[in-house]
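Take a look at the letters that make up each chain.
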Amino acid sequence: MQSGAIRHDRVKYAFIWPAFLIVLVISIFPLIYALTVSFQSVRLVPPIPPRFVGLDNYAEILSSGRFWGSTWTTASIVFMSVALQYVFGFVIALALHHNVRGSSLYRVVFLLPMFIAPVCVALIARMVFHPYLGPVNDAMNLFGFVNIPFLTEAPLAIMVLVVIETWQWTPFVTLLMLAGLQGLPGEVFEAARVDDIGPWRRFWDLTFPMLLPLSVAVIFIRLVEGFKIIDTVFVLTGGGPGTATETLTLFAYNEGFKKFNLGMTSALSFVFLIVVIVFGTVYLALAQRLTRRYA
Amino acid sequence: MENRTLRGLGLGLCLIWLFFSFFPLYWVFVTAFKPPLAVSQGATYIPFIDFQPTLQAFRDALSGIRGDFFGPIASSVMISLVATALSVFLGSMAAYALVRFQFRIRLLSGLTFGVISIGGFVLLNGTFDITVPYALLIVLVLALVASIYVNRLPLPGPVLGNNDVTFWFVSQRMFPPIVSAFALFLLYAEVGRAGLPLLDSFLGMVLAYTAFGLPFAVWLMRDFLSTVPVEVEEAAQVDNIGRIRIFFQIVLPMSLPGLLATSMIVLAFIWNEFLFALLLTTGDWQTLPILIAGQNSSRGDEWWAISVAALIAIVPMVIVAAILGRMMRSGLLSGSIK
Amino acid sequence: MKKLLLTTVAFGAMTGAAIACEPDYTGVTLNVSTQNGPAIASALAAAAVSWEERTCGTVNVIEFPFGELYPKFLTAMSQQTGDFDAIGFVPAWLPDFAPFLSTMPAALQEGSNWEDIHPVYRERLMVWNGEVKSATMDGDMHMLNLRADLLNDPDEQAAFEAEYGYPLASPVTWAQYYDQAAFFHRPNDGLFGTAEAYRRGGQQFWYFFSHAASYTNHPDNPGSMFFDPETMEAQINNSGWLRALEEYKRGLDYNPPGALNNGSGDVRPLYAGGTVAMNIDWADSGVLGSTEGAIEGHVRTAMLPGSTEIWNHVSDQWDSFDEVVHSPFLAFGGWQLAVPADSENPEAAWDFVAEVISPEVSGSAIVTANSGVNPYRFSHYENLDNWSSVFSEEEAASYLGAQRASLDAPNVALDLRLPGFFSYTEVLEIELSKALAGEVEPQAALDAIAEEWDALTEEFGRDSQLAAYRASVGLPPM
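Protein chains in written order, with numbering that gives the first Met the number 0: chain G, 0 to 294; chain F, 0 to 337; chain B, 0 to 477.
Keep in mind the hints are simulated off the structure, nothing from the lab.
A few of these clues could be false.
What the hints assert, rightly or not - Computed far set for chain B versus chain F, every beta-carbon distance over 12 Å:
hint: 1; residue: P153
hint: 2; residue: E291
hint: 3; residue: D384
hint: 4; residue: M477
Stated by the list, open to error - Facing chain B, according to a computed beta carbon distance under 7 Å, are these residues of chain G, among others:
hint: 5; residue: V44
hint: 6; residue: P45
hint: 7; residue: P49
hint: 8; residue: P134
hint: 9; residue: A138
hint: 10; residue: F144
hint: 11; residue: P148
hint: 12; residue: T151
hint: 13; residue: L155
hint: 14; residue: P240
hint: 15; residue: G241
Just so you know, even glycine gets a beta-carbon here, dropped at the ideal spot from N, CA and C.
So that you can see chain G by itself, here it is in the shape it has in the complex (with noise of 0.2 Å):
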C-alpha cells in the first residue's frame, strides 16, 4: 500500500503538468511585462521614452476619483447581476430537471443567450432600448410611460445593464446547476420522498445543501469574469454620462489602447487584481463558512 501511494504521487504530475505548463507558459510573460512596466511611465503615443517613476502610477490611480467612480459601477453591476443569475438560473434548473413541461424546448432557447458574442449582445441591447425605435419604450407607450431615456440616465442604465448580464449569463448558471443535479444520487431523494419529506424542505436539506461547493464555484466564475464586462457599457453608454457608467476595464481599455499609456494601464490590471481577489477572498471565506454551517 505503501509503494503504492509513492507510485500514484508521481503519476499526479503527469496528470497536473500539461495544463500547469501552458497557462505558464502562457500567462507568465503578461504578467512580468505588466508588472515592470507598471513601474514606469511608457507611452507609445506619442511615443516618449519609458522611465522609471516607482509607485507613481498606483498613487495617481487610488487618488483618482474616476478610478473609485468606476469600482464602484462595476461592483453595482456585478452584484445585483449575479445574485439575480445565481437566483434565477438555480431554479429554472430545478424546473428543468423536474421535466416541467416543454423542457426540452426550454433547454436550447434557454442556452442561447449565453452563446453570443458580448458585443452583439450590446447591439441587441442598443435596439432593444432605443428609445425611440425600440420595442421596450414602444411597450412602456402602452403603460404611459413616454420614452424612457434608458441608457442616458447613469442609474436606468446601470440597471439595463444588469438586465443584459443577467439575461445573459443565467443560462451559466443553469447549465451548470443542471448538471449539478443530475449528477446527485438519486437513492437519497427516493428515500426522502418514501419519508413523505415535502418538496421545500427536500430543497432545503438535501439539494441546496449538496448543490453548495458548486454553488460556491458557480458564483465565484461569474463575480471574477462579471468583473471584467465592457462590451455592453461600452456599446451602450461609452461609460457616459461623463463617467457615470464607466467600469474598471473600460477605464483601462481607454487609457490602453487609446491613449496606449501602457504604464497606467499595467498598473491599473494590478489594482483591479487586487479589487477582484479582496472581492473574491471576502467571498470565498463567507462562503466557506456557509459551507461548513451545512455541512
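Here the structure of chain G is known, so what remains is to put chains F and B in place on it, guided by the hints.
What follows is chains F and B alone, placed relative to chain G:
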C-alpha cells in the same frame, strides 16, 4: 398538492423566462429581414403585417461586401473546437489530480519562482539584451528547477494545498485581458522574429485559447469529478489497473454530464473571445467576433446588417446547443435509471 | 525581398512589351487593411480588381472594426510585424502613425493627377511635418442636410416668414438654423426640428466642433481654434467655445426624444426616414436619403451655417463682421491610405495607392452605392452626369456645390490633429457628456477640459506639441 403548486410556479417562471430570453432573439431574427425604413420609422414586429420582409441584408452579407463571412466562420470553428477539446481534456486531467491527490507546495517555493522569473527576466532582457523568447525560456527553466528544489527542502513557512493550486488556475482569469492581450502580442511578435510564427497562426490561437479555457475547465471539472464515487476507482485499483486507464475508462465516462457542461461553457467563452483575437490575428485566422464587431461601423447602426451577422454567429451555436442539450438529456436518463 | 522584387521588375522590363503586367508585380501579395465594409473596404476591393489586372499582383483586403483599427495598426506598426502593406485610416491618427509610415514617392507628387486633388487635402491633410505621408481617398466634412419638400412648401414659407420676418431658405447663420429647428419642431405630428449626434463615443465632439468653428476660427488669427499657436495654451474654454456649447446643448430641445444617446449613425436614418426637418452629418445622410429614404428627390445640402461674430482670443473680445463668415468644419477629414515603413513591398503598395486615388477609379467609386467614398478631386465635382444613379439633377447640384463651397471657403476650419489625439478627446467626451446631461455647467466643463489639455500638453512636451500643432494648421515653425 404542494408539489403541483411548485410545478405550476416552475412552469410559469419558465414561460416568463422563455419570453425574456427569446424576445431579443426574435427581434434579431425579424430585424434581419427588415428593409431600412421599417427600422428607422419606429418599432415594427410582425413580418408581412408591419413590414414587407426582404432578403437584401442576407444578400449583402453573403456577397461579401460586408466582409468575408466564410473565412472567419471556418477559423472560428476550427480554433474554438480544438482549443475547447484541448483545454477540457487537459483541465480534466489536472482537476482529477487535484481531486484525488494531495499537493503540498511551500509558499517559499512559489516566492522563489516569482523572484527568479521576474528578476531573471528583467536582468536577462534589460541588462544582457537577450531577446524575449530566449530570456523567457531560460528564466522559466531556471525558476522551475529552483522552485522544485526549494520545495523539497525542509523550510519553514506556510504550505499551500490543493485549494490554493485551484485558486492559482482561476486567478489567471482575474487579470484583466487588456494588458495580457497586448503583452501576449509582443511575445508572439518576438517569437515570430526568432523563427516560429505564432501571430495569425492556428497554433498561436489554439495555444492562447487553451490557456484561456483551462482555468474554467480545471475549476468546474474539479467539482464534477469530486462527485464521482471513489469506491469504483478503489475497486479498479485492487485489480491493479493503472491510474491513467482508470481516468480514461472509468472516471471520464462517469462524469459525462459535467464534461459536456464544461465543454459548452469553455466553447462559449472561446467562441466569443474578442480582444486576443483582435491583436493576435490579421488576415488568415481572423475570427467571427471581430467581424461582428465590425458591423457596428462608422456608417451607423444598420440594424438589419448587424442582425444578419448576429444570426450567422448564432446558428453554429444553436446547433452545438441542440446537440449538447440532447446529450445532456440522455445523461439525465442514464442517471435516473441508475 | 526588396532586391528580389527589383530584379523581377527589371527582368519584366527587359523581356519587353510581351508581358502585359505594368509594372510586373507577379507573385506580390499586398495586405491592405481598413474598417469593415462596405464603406471604404469595398472601394479598396474594387480598385484591387483593376490593379491586379494591370500588374498581375494580388491584393488581400483585411477588415477590422472601426473602433479597433487604431490599436490594431499602431501595435502592428510599432512592433514592425510587417502585417500591412497599406492601411486605410483617419487623418486624426496621422500624427501618431507618421513615425511608422513611409513617404509618398516623389513621382506620385506631380503631374495632372496630383494637381487634380483639392489643395486642402493635397497640401494640408496629407502632409505631416512637411512630408506627404498619406493619400486622401475620400473627401469628408460636416454639412447641413435640408429637405426641399419642407423648404419649398408655399404654406410653410408663408408661415415661417410671418413668424420670423425673413423668408424660409437654407440657414446661413446658426441663429437661422435654430429658428428653423424651432419652426419645424412638431413632436405631435412626428416631425422634429433637427438631428445631431450627442452620444459619447458616437462622434459627438465633431458636432460640437462644427458649432465652435463658426465662433472661434478667427480669420485674422489662423490656427487659433483649439490652441493658441504661440503658446499652445488651450482655447477651448473661451467665450466662443462657451457659446458653441450652449447652442449645441440648446439643440437638444429640437431633437427627437432620446437624442442624448444618438450617435452619427442614428442621425442618418432620422433624416432619411423623414423624421427630422434637417440634420448635420457627413455626406452619408444625403446619399441615404435619396436612395433608401422617404425623402427621395427632396435632399438638399448646404454648407454649415456661419456667424457674423467671432471670438478674438488675442484681444479677448467678440469681433463683428459685416458679412456672414462661414467656417465650414472638415470634421474627420476623409479616409486616407498610407504605406507603413515595415511593408515588404513599398513600391507595389504605393502603386496600389495610386490606383485607388486615380481619377478614373476614384471617379467611379464616388458614385458607387455604399463605397463610402466622397469627392475630393476637382474632376469629381465637375462631373454631374455621373451622379444620376444616386441623385436627381437638383440634388446633385446642391450636394456637390455644398462640398465644393466648404473646401473653397477662405475660412475653412480643419479638424484637430495632434499627437496623443485620443488623450485629448477622451476628457473632451467625458466633460461634454456631463455638460449635455446637465450635470455640470457648460463653463465648468470647458474649464475642466482646458485644464486637462494643458496638463497633457505639458506631459507630452509643450515644445514638441506646439511644433506639431503649428504644422497641423499650416503655420510655419516658430
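Comparing the hints with the structure gives:
Interface exclusion of P153/B from chain F stands, the closest Cβ pair being 27 Å apart, more than 12 Å. The claim that E291/B lies off the interface is violated: its Cβ sits roughly 5 Å from the closest Cβ of chain F, which falls inside the 12 Å cut-off. With a closest Cβ-Cβ approach of about 25 Å to chain F, D384/B is found to remain outside the 12 Å limit, as its non-interface label requires. For M477/B, the shortest C-beta to C-beta distance to chain F comes to about 36 Å, beyond the 12 Å cut-off, and the non-interface label holds.
Hint status for V44/G relative to chain B: holds, with the closest Cβ pair at about 5 Å, below 7 Å. Residue-level restraint check for P45/G holds (minimum Cβ-Cβ distance to chain B is 4 Å; threshold 7 Å). Hint status for P49/G: violated, given a least beta-carbon distance of 13 Å to chain B, over 7 Å. Taking 7 Å as the C-beta cut-off, the interface hint given for P134/G is violated, the closest approach to chain B being about 14 Å.
Because the smallest distance between the Cβ of A138/G and any Cβ of chain B comes to about 15 Å, over 7 Å, the interface hint for this residue is violated. Contact between F144/G and chain B, as hinted, is not supported at the beta carbon level, the nearest pair being about 12 Å apart and thus beyond 7 Å. Because the beta carbon of P148/G sits about 6 Å from the nearest beta carbon in chain B, less than 7 Å, this interface hint is met. Given the 7 Å rule on beta carbons, the hint for T151/G holds: about 4 Å separates it from the nearest Cβ of chain B.
Look at L155/G: its Cβ only gets to about 11 Å from chain B, farther than 7 Å, so that hint breaks. Proximity of P240/G to chain B holds as hinted, the smallest CB-CB distance being about 4 Å (cut-off 7 Å). Annotation: interface hint on G241/G holds; nearest CB of chain B at approximately 4 Å, less than 7 Å.
Comparing the model with each numbered hint stated earlier shows that hints 2, 7, 8, 9, 10, 13 do not hold.
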